[in-house]
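Given only the sequences and the hints, what does the whole structure look like? Please build it.
Listed here are the chains, written in short residue letters.
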Amino acid sequence: MSENLLTVGRSVPPIYGIEKATGALCFPADVTLPGMLWMKILRSPHAHARILEVDATAAHKMKGVAAILTHRDVPRVLFGPYQNEIYALEEELRFVGDTVAAVAAEDWNIAEEAVRALRVKYEVLPAIHDAEAGTQSGAPDAIVDYPDPLSIKPGDIRADQLATFGNIIGLKEGGPTVANRRGDVEAGFQQSDVLVERVFRQSEVNAVSHEPRACVAIYEDGKCTLWCSVQDPYRLQDGAARVLGLPMANVRVVATNLGGAFGVKVTGRFAILCALLARDTGRPVKIWFSREEESIDSHNRSALTHYVRAGAKKDGSLTAIQVRTFLDNGYWPFGGLGQNIGFAICTRPVDLYHRCPNVNWEVFVVRTNRPSTGPYRGRADAESHFPVESVMDELAQKIAMDPIEFRLKNRLRQGDDLCSAPKKIVSTVWLEEAARSGAAAIDWQRRAALRASHSGARKRGMGMAMVIHSCGSNPAGTSEAEVAIDSEGRIALFSGTADQGSEQQTTLRQMVAEVFGVALDDVGGANADTSTCPFDSGPFSSRTVYATGIAACRAAETAKSKLLECASLVLNTAAKDLETGNKFVWLRGDRSKRLSLRDVAAHAGGSIRGHGIHRPNEDPLFAYGFAAAFAEVEVDIETGEVKVIRLVSSHDVGRAINPMIVEGQILGGAAQGLGYALTEGFCFDQRTGTALNQWFLDLRTPSILDIPDIEPVIVELGEPTHPFGAKGCSEISYVGVAPAIANAICHATGARVTELPMTPDVVLKALREAKRTGA
Amino acid sequence: MDAQEIHDITLMINGKVHQVSVDSNWTLNDVLRNRLGLTGTKRACDYGGCGSCTVLMDGLDVYSCSILAMEAAGKEILTIEGLGTGENLHPLQKSFALSYAAQCGWCTPGMIMSAKALLDREPNPTEQAVRVALSGVLCRCTGYTSIIQAVLGAARVMRGDS
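Top to bottom, those sequences are chains A and B.
Each step along the first sequence adds one to the number in our numbering, with nothing skipped, and position 672 is 672.
For our numbering, count along the second sequence from 1 and bump the result up by 1000.
Because the hints were derived from the structure by calculation, they are not lab data.
Relax, there's no trap hidden among the hints.
Mimicking DMTMM-like on lysine to aspartate or glutamate, the simulated pairs with C-alpha atoms at most 25 Å apart in a straight line are:
#1 Lys409(A) with Asp443(A)
#2 Lys314(A) with Asp402(A)
#3 Lys643(A) with Glu204(A)
#4 Lys593(A) with Glu579(A)
#5 Lys1094(B) with Asp1058(B)
#6 Lys1094(B) with Asp521(A)
#7 Lys398(A) with Glu634(A)
#8 Lys1094(B) with Glu19(A)
#9 Lys63(A) with Asp1008(B)
#10 Lys1094(B) with Asp1161(B)
#11 Lys643(A) with Glu1127(B)
#12 Lys1094(B) with Asp522(A)
#13 Lys771(A) with Glu755(A)
#14 Lys61(A) with Asp1023(B)
#15 Lys63(A) with Asp1023(B)
#16 Lys121(A) with Glu292(A)
#17 Lys121(A) with Asp145(A)
#18 Lys313(A) with Asp417(A)
#19 Lys643(A) with Asp402(A)
#20 Lys562(A) with Asp599(A)
#21 Lys1016(B) with Glu19(A)
#22 Lys61(A) with Glu106(A)
#23 Lys765(A) with Asp636(A)
#24 Lys61(A) with Glu1005(B)
#25 Lys409(A) with Asp315(A)
#26 Lys593(A) with Glu565(A)
#27 Lys398(A) with Glu755(A)
#28 Lys409(A) with Glu716(A)
#29 Lys314(A) with Glu197(A)
#30 Lys63(A) with Glu1005(B)
Right, here's the structure in full:
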């Protein structure tokens, strides 16, 4: 990174910082309009039921009730965030909390009372509360009425490939499992010197965005505007337009700033119902979720069970990995990208350990009568790395090899082909560099002495995990961007991505500013407003800095070449001899021959615009992010309590466009990963399917008192497929924390913890098991 | 259904007097956000579980979701809007804004108001004192490190140390 850059690589303050710190920033939940009605949802008390009758007589009579929608009142038009597969309201209810009906009233109290006044007769149906049980023969259907896969318009997955096998969502070709097979695992186990066999269980967790979902809708003269907490405003625009029967041009969605999202704030019934109520009443309508609603009417990280076997030779070569995974898809017909998550689960860790010749990993994606599950920060990899990285550690221990060296011996290398991105090869792999830097930061050399030095009830240990995760080079999704220079010479970036807290607009504008050689302050713009910004599939999978970044740089280069062409006419020279800088266009080598951007723009007779696009699959090279997480823990073997003393989170980020933001994302991801590791996890009543801990204090996200010393480490060795060499890193920082802590616990105590979250009771169970087996 | 009583109360918010009619079950948070348009004060749970709705009441940091509007009558309320504006930032706001201590920004107003209450009573807090004082406000984005640094940085500025 030797070039002399103006803003790229600098920790400039984020553009929305002041508005966030003054409370001036307007989130969807902050939109208040004159004459606005409040909407509330009646939610299902049953895990699985059919609505026989909704009697709204009493609710309609209440003073201040403006409109009520039941399943009989909404258009039979499918929509959805991933593919079009749900209706605004349905007769069949599929989890405790499913949407039964919606009310709009003069204020929130009246709306709530009206919801309570609705009298509903339900026919209760048998329910599925566990993914594995849902695959048994004779299990009842978790969903009875669902659209034919062929009738749904696919988003990311190909509908014509889908098939269902009882409750299992599978593929027509390949059957009920998503599988990744190569070589012969039985032969691989024969060749192995050591073998590990374990069952891992992970609890369902919620993203816990602090802004509960909100939507404000207005409908006037056949046009609808929605301010909505969604990361996919263009999907909502499409869905709302089709349900309302409007052309897409008549629907505008604004999602400029969101109070956290983490992948799960996507198009949903709440927004479509809000739009329908605005149309029916002719007044603005607002819905704002309670915390309980935000917890259950979301897309959570799935509960999982993994049955794992893995073998290795004494020299450290992996010989075979065999896994059978059961993934709880929740109540959506296909939803939650279950198929794509299944595919990523069974391919990405196998890519990470590319040298392993024999693999058989099967994933069963199972419909249940539980909240929907879907892509939450670190999707698929947080799901898969806990078992894989735990087993890698155990194999290394069995052959008495350093866990870092064992992993590095089997790892992916630059130019390797990828089973997670067929027909592609990996562009750069700075995994070893990340691992070595992280090891130095935590002083891995102390590891043996650390354990020996704590011999009482409180044991110390150190563990690590390696991670592969999307850095934005996603096979799904398209990003567009537009860069405009107005007649005053001001530069603006228009991008379809919401800022959910990662301040990507800052990072994107830094890149645009760099293309023009101006300061960040000289680039303005707008984001995530479908009426002014070009399409973007949204800030998912850490894709904005990478994919939208490529589109933004292309848009800037196009606008810049138009600018130079225009200047070349005035300066009477060839465009190729001109360059930009400091808000001027000047002759390369003779800066006295120059025009200000403003003068060039004035000559252009209007705005200069450049459009850029990044399409999936446009490059045979595929960029991945890599990381190594390190944890030092203290385990109280009498109480089972785990105290994390230190975390080091080391990342291959290609290049940090804004190191302060990159470090902030790494720190935040590590803290969330800490919650996944130690405290978070839904408990459901197994008989009724009711979530028991959907309230903040019971969700047990880490507080300021729970956070250990966390050190972010940034490895910047570039990425040739991105104009500034950047890889996204907001998600990957979550993934390695839980397995690194589990491995540290094992190093400290000899006990292998195989469940998440690793609460004291779970740790005590593992300690007893270790004692029993003499580990 | 119980008939709710309507009360006319006087609220002193950010140095201004507001006459409002409130239902007896309305919280201070309801009134700030939905009646007075002071949406800088957030709400993430509505039952005292997260602290994003924190405001100062007679100098004390309180959860506005857990204070009835009627309880706040006659008390001095300070919200994030009264602390400073884009042109005239409070050192805490400046510190949070410049150091990426506000990621999504939803907990930020509550976090800053809680920090203000701390610095008013303890201008030179230790890191541990900052942690304890802010432990009533949860953040999901930052991992808290940048928040602690921002508060300590603002404290230094306010003391004139930097």
